Amino acid sequence: MTMSATKQELIDKLRRDLLGWEGFRPLPPEERQSFGLGPIENAFPNQMFPTGALHEFISTRPEFTAAIGGFIAGIMQTLLEKGGVCVWVSYTRRIYPPALKRFGVDPDRIIFIDVVREKDVLWVTEEALKCSGIAAVICETRLLSLLESRRLQLAIEQSQVTGFILRKDVRQLNNTACTARWTVKPLRSKPRPGMPGVGHPRWQVELLKVRNGQPGSWTLEWKNNAFLHPQKDQVQQPDINRRYA
Amino acid sequence: MPKRFVSIWFRYLLTDREAIRLKSLRELPVAFTEQDHGRMLVMAMNGHAENCGVKPGMAAADARVIAPGIQLFECKAGRNIKLLTGLAEWCLRYTPLVMVDPPDGLLLDVTGCTHLKGGETEFLKDIVNRLRALGYTIRPGMADTIGCAWAVARCAESGLLVPPGGQRNALMPLPPAALRLGVELVIKLRELGFYQVGSFIHLPKSVLKRRFGGNMVLRLYQALGQEAEFLLPLKEPVPYSERVSLLEPIRTREVIETTVYALIDQLCKRLYAEGLGLRSAILTYLRIDGKSGQLTIGTNHPSQRTDHIFKLFALQFDQVAPGLGIEAFILDAAKTEPASDKQNLLWNGKPTADSEEIAELLDNVGARVGKDHIHRYLPQEHHWPERAAGNTTDLTQTPESAWPEDRIRPVQLLEPPEPIEAMALTPDYAPRQFVYRHERHIIVTADGPERISHEWWLEDGGYRDYYVAEDEEGMRYWLFGTPNDLPGQTRRWFIHGYFP
Numbered sequence: 001m002t003m004s005a006t007k008q009e010l011i012d013k014l015r016r017d018l019l020g021w022e023g024f025r026p027l028p029p030e031e032r033q034s035f036g037l038g039p040i041e042n043a044f045p046n047q048m049f050p051t052g053a054l055h056e057f058i059s060t061r062p063e064f065t066a067a068i069g070g071f072i073a074g075i076m077q078t079l080l081e082k083g084g085v086c087v088w089v090s091y092t093r094r095i096y097p098p099a100l101k102r103f104g105v106d107p108d109r110i111i112f113i114d115v116v117r118e119k120d121v122l123w124v125t126e127e128a129l130k131c132s133g134i135a136a137v138i139c140e141t142r143l144l145s146l147l148e149s150r151r152l153q154l155a156i157e158q159s160q161v162t163g164f165i166l167r168k169d170v171r172q173l174n175n176t177a178c179t180a181r182w183t184v185k186p187l188r189s190k191p192r193p194g195m196p197g198v199g200h201p202r203w204q205v206e207l208l209k210v211r212n213g214q215p216g217s218w219t220l221e222w223k224n225n226a227f228l229h230p231q232k233d234q235v236q237q238p239d240i241n242r243r244y245a
Numbered sequence: 001m002p003k004r005f006v007s008i009w010f011r012y013l014l015t016d017r018e019a020i021r022l023k024s025l026r027e028l029p030v031a032f033t034e035q036d037h038g039r040m041l042v043m044a045m046n047g048h049a050e051n052c053g054v055k056p057g058m059a060a061a062d063a064r065v066i067a068p069g070i071q072l073f074e075c076k077a078g079r080n081i082k083l084l085t086g087l088a089e090w091c092l093r094y095t096p097l098v099m100v101d102p103p104d105g106l107l108l109d110v111t112g113c114t115h116l117k118g119g120e121t122e123f124l125k126d127i128v129n130r131l132r133a134l135g136y137t138i139r140p141g142m143a144d145t146i147g148c149a150w151a152v153a154r155c156a157e158s159g160l161l162v163p164p165g166g167q168r169n170a171l172m173p174l175p176p177a178a179l180r181l182g183v184e185l186v187i188k189l190r191e192l193g194f195y196q197v198g199s200f201i202h203l204p205k206s207v208l209k210r211r212f213g214g215n216m217v218l219r220l221y222q223a224l225g226q227e228a229e230f231l232l233p234l235k236e237p238v239p240y241s242e243r244v245s246l247l248e249p250i251r252t253r254e255v256i257e258t259t260v261y262a263l264i265d266q267l268c269k270r271l272y273a274e275g276l277g278l279r280s281a282i283l284t285y286l287r288i289d290g291k292s293g294q295l296t297i298g299t300n301h302p303s304q305r306t307d308h309i310f311k312l313f314a315l316q317f318d319q320v321a322p323g324l325g326i327e328a329f330i331l332d333a334a335k336t337e338p339a340s341d342k343q344n345l346l347w348n349g350k351p352t353a354d355s356e357e358i359a360e361l362l363d364n365v366g367a368r369v370g371k372d373h374i375h376r377y378l379p380q381e382h383h384w385p386e387r388a389a390g391n392t393t394d395l396t397q398t399p400e401s402a403w404p405e406d407r408i409r410p411v412q413l414l415e416p417p418e419p420i421e422a423m424a425l426t427p428d429y430a431p432r433q434f435v436y437r438h439e440r441h442i443i444v445t446a447d448g449p450e451r452i453s454h455e456w457w458l459e460d461g462g463y464r465d466y467y468v469a470e471d472e473e474g475m476r477y478w479l480f481g482t483p484n485d486l487p488g489q490t491r492r493w494f495i496h497g498y499f500p
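Protein chains in written order, with UniProt numbering: chain A, 1 to 245; chain B, 1 to 500.
Hints are computed from structural coordinates only; laboratory data are not their basis.
A portion of the hints provided could be inaccurate.
[What the hints assert, rightly or not] Computed list of chain B residues with no C-beta within reach of chain A, every gap over 12 Å:
no., residue
1, Gly69
2, Gln316
3, Thr398
4, Thr482
[As the list claims (entries may be wrong)] SDA-like cross-link-like pairs, simulated, lysine to any residue; straight-line CA separation at most 25 Å:
no., chain 1, residue 1, chain 2, residue 2
5, A, Lys82, A, Lys7
6, A, Lys7, A, Val170
7, A, Lys185, B, Ala367
8, A, Lys119, B, Arg368
9, A, Lys82, B, Glu400
10, A, Lys119, B, Arg407
11, B, Lys291, B, Val244
12, A, Lys101, B, Glu405
13, A, Lys130, B, Lys311
[Stated by the list, open to error] Partner residues are not named here, just some residues of chain A that face chain B (Cβ under 8 Å, in silico):
no., residue
14, Leu18
15, Trp21
16, Lys101
17, Asp108
18, Asp114
19, Val198
20, Glu221
As the structure is a prediction and not an experimental result, all values here were calculated from the model.
Glycine included, each C-beta is placed from N, C-alpha and C at the ideal position.
Model the full assembly from the supplied sequences, consistent with the hints where possible.
Right, dumping it as structure tokens:
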């Protein structure tokens with residue numbers, strides 16, 4: 001009996017250590033930031049949205065890119081609360097800065113770097129990720145190989161900057177070293193009570209891959225400068241028994 | 001402000017220099033010779049030799065006869081220019097605008113400088129006394145024009161200081177050679193009996209031009225101040241400059257990197273000691289075959305960190321073509337700024353060190369992809385969507401007004417808007433469906449119209465009626481229609497953006 005108890009403890013301890021070695025460090029409660037993502041945060045190890053990690057967003061249509069832009073801006077709002085700036089690297093940028101104000105981000109706190117050559121995007125991203133004074137780096141790119149993503153991941157492990165890779169026009173998905181792989185798709189909005197027309201932005205957020213966590217799919221709404229989970233019954237609970245590497 | 005110029009004539013430039021080096025030469029006749037068709041000719045001499053009758057162009061052997069004990073030196077070509085350049089740099093203490101005036105003079109633009117020495121007379125006295133203390137015999141002239149100052153410095157018996165507007169009177173008694181004319185023209189004027197400028201100064205311009213050519217008229221009128229003449233200042237020396245000369249020419253990248261790093265380190269230490277930071281720098285490399293090249297960097301904030309500046313240069317090392325080898329590097333700090341006020345301006349609420357880090361990051365990125373590609377956006381007081389965000393490359397600028405929150409704007413904006421085929425059932429209402437890129441979108445719900453007019457004070461054009469439209473699949477679009485309220489106008493539809 002005692003044997004098995006110690007074994008269990010050992011295994012738990014090993015699991016925690018493994019998480020730590022992979023870059024997920026449990027933060028003390030006072031340093032923990034809530035992104036208002038609710039159940040989505042539970043899908044990650046330590047029940048928190050991993051900052052200082054690489055998040056990959058897959059987009060196949062410009063409509064999805066817009067939705068991803070909104071979702072990232074919503075997360076950026078929390079990241080920017082502590083001050084600092086964001087760097088947005090792209091080579092074909094269509095983001096419209098004034099729109100970000102709706103997601104609580106002051107557009108003047110973002111530095112847009114619009115490179116001419118596609119291959120410079122990742123170079124600039126890596127340089128930016130090495131710079132620990134930056135709150136977040138958003139990189140719009142089409143291609144990201146395993147090798148390139150590992151380079152970015154290594155840069156992040158030093159600096160603890162949060163990186164978002166927005167992959168547009170993805171034809172084929174490949175393996176990357178990113179911590180999480182997301183898709184965000186727009187959903188039909190619910191009309192505001194007593195109001196005609198288009199309601200608050202509503203998305204289907206899918207976590208396709210997450211390291212040491214549970215992938216899942218959630219409906220999310222952006223309302224009054226915060227994420228909101230619509231009625232509980234609409235939320236598809238993640239399948240806890242399935243584990244992805 | 002009327003201009004004032006000083007011309008300094010170094011009467012015995014080469015011999016004075018030699019006498020400064022060898023004190024024993026002061027009391028002896030000294031002359032410089034140069035080779036001319038196998039003969040040695042005198043080309044410069046000092047006062048003692050002149051008193052003995054030695055003249056420029058005389059054979060060295062003749063000079064030896066008429067001036068016993070004369071010391072003859074061979075003159076290297078270009079020596080006078082070198083000496084004058086050194087003296088011009090020395091003269092920068094009087095005015096920043098100094099020009100070398102070959103073969104034996106300097107020109108100074110002293111407009112607004114003379115009061116610093118207590119007046120024009122004292123100014124000239126100061127120049128004469130200090131240069132005499134150095135060992136040079138000079139004659140200065142001051143006038144409103146370069147030509148007149150040049151003339152009085154070399155030819156006037158007295159009155160070296162020409163009062164403002166007094167050029168004509170000052171030039172009258174001078175010989176024609178005072179006008180900087182060619183030897184042939186001077187001889188011609190003398191043959192015609194023009195011994196003084198005053199004897200032809202009153203002749204009409206056309207007559208002078210026909211007889212003596214346009215150059216003579218130009219010189220005369222420049223001296224009088226009726227034709228413009230400019231002074232080309234000597235390259236202003238950069239206050240912070242470091243150079244390294246190598247014993248052996250270098251070629252490999254490693255050695256170049258080590259050398260440049262050491263050079264930058266020297267400069268940074270100097271700047272650090274004086275509380276300055278580098279904003280832009282030029283690295284010049286001189287190759288042994290006489291060619292040279294330059295690398296230029298700029299930083300976003302005053303930096304004195306060797307590693308950072310080296311990194312910026314290192315990004316450009318691919319462009320260095322060492323050829324047979326590089327023998328010297330010169331690093332000029334083209335622009336420096338006080339580095340004491342750390343970048344507090346960059347976005348409040350962030351520790352200083354971080355802002356510096358960001359500025360360094362942007363330096364690196366700017367060096368690779370170009371500074372023009374780094375943007376920030378500030379709110380502008382414009383309704384027209386394309387103008388609502390002002391582009392700035394300045395990283396310290398803060399918004400003058402708040403970002404508007406009352407209007408909903410798309411996250412992705414198409415620039416320019418793309419035409420769509422849309423079908424609206426009723427005028428002034430959102431379309432029921434539209435086709436964009438061969439895809440049909442059925443619109444379920446829409447908000448609008450939001451009419452945005454062209455800002456007529458900036459640009460002509462009609463208004464746009466914007467609609468936020470959501471299709472069956474939940475995709476949200478920003479559509480607009482062109483005006484349709486005039487007879488004969490049909491509404492055309494465009495897609496302008498995507499909502500999240």
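Fill in: Violating hint indices (sorted, rising)
When the structure is compared with the hints, numbers 3, 5, 6, 7, 10, 14, 15, 20 turn out to be violated.
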